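In case you want the letters, here they are:
Number of protein chains: 2
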Amino acid sequence: MENILLAHGGGGRLTKKLIEEIFISELGNEVLSKLDDSAIFEHEGGKLAFTTDSYVVNPIFFPGGDIGKLAVYGTVNDLSVAGARPLYISLGLIIEEGFPIDELKKIVKSIKEAASFAKVKIVCGDTKVVEKGSADKIFINTSGIGKIISHEISSTKALPGDKVILSGSIGDHGIAVLQARAQIHFKSNIESDCAPLNALVEKMLSSKNSVHAMRDPTRGGLATLLNEIAKSSNVNIFINEEKIPIKEEVRGACELLGLDPLYLANEGKLVAFVDGKTAEGILSRMKKDPNGIDASIIGEAKKGKGTVILKTKIGGERIVDTFSGEQLPRIC
Amino acid sequence: MENILLAHGGGGRLTKKLIEEIFISELGNEVLSKLDDSAIFEHEGGKLAFTTDSYVVNPIFFPGGDIGKLAVYGTVNDLSVAGARPLYISLGLIIEEGFPIDELKKIVKSIKEAASFAKVKIVCGDTKVVEKGSADKIFINTSGIGKIISHEISSTKALPGDKVILSGSIGDHGIAVLQARAQIHFKSNIESDCAPLNALVEKMLSSKNSVHAMRDPTRGGLATLLNEIAKSSNVNIFINEEKIPIKEEVRGACELLGLDPLYLANEGKLVAFVDGKTAEGILSRMKKDPNGIDASIIGEAKKGKGTVILKTKIGGERIVDTFSGEQLPRIC
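Line by line, the protein sequences give chains A and B. Each residue of the first sequence is one higher than the last, beginning at 1 in this note's numbering. Each residue of the second sequence is one higher than the last, beginning at 1 in this note's numbering.
Just chain A, with the same shape it has in the complex (with noise of 0.2 Å):
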C-alpha cells in the first residue's frame, strides 16, 4: 500500500493498521499508546494554558522544516509566550486520498523529532481521509496543554517604559517558504526559523514578573504583532529600524520581490514587552539561549492609543500599521 486510501481514514482495519505502523511505532509513549478516545493525565493544580493552530502551509516540505515540525513547534510557541511550559500535544490529521505513505512517514518522524526536541508528549489523535481533491496533500491540527509558570503574560499588559525585544532576525521562515514554491525562481540559501521557545522563555523568566506581554510574529508579521499589542495595550510603540535584525539575504529577497520583511511570517521568533530597567538583564539571560543569539531591544512602549510608529534608518518616521489583505497565503 503505497498511497492514503480513503479506508485508512473508515475507522476500521486499514485505519488500525495506520494507526499501529505509522503513529503509534513513531509517537507511541504510555498515554498516546492506550489508543482510547481521549488521554488522561495527572495535574497537581495550578493554572493551565490551551491552545490551537491549523497548519495548511504550501509546500509541506521546504528548507528547514516541513508542516510535521512547523506544527508541534507552532503550538509549543503559542504556550511558551502565555508563560507556559508546554506538557501535551494533540494531533488531527486531514489527508488527501492519494497522498503518498512515504512522505507520511517523513512528517511522522519530523513531528517525534520535534516533539523530543521540545520536550512534549503527543498523547491523542486523530485522521481523516478526504477524496482526491477535496483537500490539498495534508493539514495538521496541533492543540496543546501546558503549566503556567509565570504570573499573567497578556496582550494587554504592555505599559509605557517598556522596552521591545526581538529574539532574532525576521522574514527566514516566509522567505523560504516562498523559494520552496515552484512558482517563484528565485534562489537563497535562507531556511526557515522554525524552532520551539520554551527555552528561551524559561530564561526570560523570573520572579520580578518584568515580561508584561510575549508574543510570536507568525502570520502578518512583526508588524501585526506590534499593531495588536498596541492596540490591546493602548500604547504607542516606537520601533528602530536600525535595530531590527535581517539577514542580507532575506532583505535582498524582500526588495527584489516587493515585499517588506515586517509582515513576512516567522517561525521560531517572540517579541516581548519587558519593564524598561530589567531590559538588559533579560536580554543577557536570552543571548545564552541559541534562539536568541541575534536578540536586540528594537524599541519602547509609550503613552498613546495605539499606533506604532518605525523611526527609519535615514532618521525619519512612519506609521507601520496592520496588513489589510494577504502577502503570502499559506506561509503556516
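Treat the hints as calculated values from the structure; they're not laboratory data. Please read all numbers here as calculations on a predicted model, not as lab measurements. Do not take every clue at face value.
It does not matter which identical chain is used: a pair holds within one copy or between any two.
Claimed, not checked - In silico PhoX-like pairs for lysine-lysine, Cα to Cα no more than 20 Å straight-line:
1) K231 x K16
2) K157 x K34
3) K47 x K147
4) K16 x K305
5) K277 x K47
6) K147 x K34
7) K34 x K305
8) K203 x K287
9) K47 x K208
10) K132 x K119
11) K17 x K231
12) K105 x K137
13) K277 x K311
14) K121 x K47
15) K208 x K132
16) K47 x K34
17) K109 x K119
18) K231 x K34
19) K311 x K119
20) K313 x K243
21) K105 x K47
22) K287 x K247
23) K303 x K112
24) K203 x K105
25) K243 x K302
26) K305 x K287
Given the coordinates of chain A, assemble chain B onto it according to the supplied hints.
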C-alpha cells in the same frame, strides 16, 4: 463581503474583523475574548482528559445537525466516555476561499448553541483559509479538556461477565448524512442522532466503579467498537441481534442500499461494559436521560480471545468482524 477571501486567513485586518464580528460576537466568553494565543484556566488538581477530532462531514448541513454541532458534541462525547466532565473546547477552522459567510455564521451559531446545551466553553480558536479547490468548503477540528470524575474507564478494562449496554438505536446518523447527499436518491424522515452524552454518562457513574469500558460508536459503527474492545480487553463478546434497537426507517434504508447497520456511524450513542450485577440499575438510570430512553442490554462479555459473535434473530451465530474498507466516507 459575502464570501471568505484568502485575506480572512492572513492574520491582518480582515482576520481581525472576521474574529470580532463572527466568532467573538457569538462565542465570546471571559477566556476566549482576551484573544491571546492561549486560553488560561485554573484547575484544582486531579486527572484531566484531553482529546482531538477533525470533522470533514459531507454535506456540512444534514437532517438533525451540521458540521458545527457535530464537532462540539463529538468532542464532548469522546471526553464523556472516558469518564470525564467536558469543560473546555478549542475550535480550529480550515475554510475554502469563496465559502459563503452566511453559512459560516450558521455554523458558528450552531457551535454556540451546542456548547451552551452541553455546558462547555469554547476557549481558543484558529482560522486558516486555503485557495478555492484546496479544501472542500470547511473542515473543523475540536480538541477538548475534561475533568475525570470516575475511576479508570478504558477499552482494556472489559471483563468476562460484563453486560454490554447500548444507549439507543443505531445507524441514524449514517442514514441521515447519506440521504442529505445529492447522489443518493432516497427519502426518509431519519435525522442524525447528534447529541451530547455528558449528562447521560454522569447518571451512569457511581461510587461502585461498575462501568469498566465505554466508547461511542461513531466511524465504523457498533461492530468496529465491539471488535476494538474485544481485542483490547481480550474477551469474546456475544451480542443478541434482537436486542439492538434499530429504527424501522433505518432498517428499510439499509436493506434498500445494501448497508449493514452494525457498521453505520452514530453521533449520540454509547456502549458501556458494566459489572453484570449492576447492569439493571445502570440501565434504569440511563432510561431517565433523554439520550438513554431506548437503552438496552444487548449482550455480554465472556472469556475469550477477542471475537465478537452475533446471535441472529433466527437463532444462528455469526462472527462480526471489523470492516476492512470504507463503507461511507466523510460521515463525520
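Results for each hint:
no.	hint	result
1	K231 x K16	between (49 Å within a copy, 12 Å between copies)
2	K157 x K34	between (41 Å within a copy, 11 Å between copies)
3	K47 x K147	both (6 Å within a copy, 14 Å between copies)
4	K16 x K305	between (56 Å within a copy, 18 Å between copies)
5	K277 x K47	neither (28 Å within a copy, 41 Å between copies)
6	K147 x K34	between (23 Å within a copy, 19 Å between copies)
7	K34 x K305	between (52 Å within a copy, 18 Å between copies)
8	K203 x K287	within (10 Å within a copy, 56 Å between copies)
9	K47 x K208	within (19 Å within a copy, 31 Å between copies)
10	K132 x K119	neither (35 Å within a copy, 37 Å between copies)
11	K17 x K231	between (50 Å within a copy, 14 Å between copies)
12	K105 x K137	within (14 Å within a copy, 27 Å between copies)
13	K277 x K311	neither (22 Å within a copy, 77 Å between copies)
14	K121 x K47	both (19 Å within a copy, 16 Å between copies)
15	K208 x K132	neither (54 Å within a copy, 49 Å between copies)
16	K47 x K34	between (27 Å within a copy, 16 Å between copies)
17	K109 x K119	within (15 Å within a copy, 38 Å between copies)
18	K231 x K34	between (45 Å within a copy, 12 Å between copies)
19	K311 x K119	neither (39 Å within a copy, 50 Å between copies)
20	K313 x K243	within (9 Å within a copy, 79 Å between copies)
21	K105 x K47	neither (35 Å within a copy, 32 Å between copies)
22	K287 x K247	within (17 Å within a copy, 67 Å between copies)
23	K303 x K112	neither (45 Å within a copy, 38 Å between copies)
24	K203 x K105	neither (34 Å within a copy, 43 Å between copies)
25	K243 x K302	within (18 Å within a copy, 72 Å between copies)
26	K305 x K287	neither (32 Å within a copy, 59 Å between copies)
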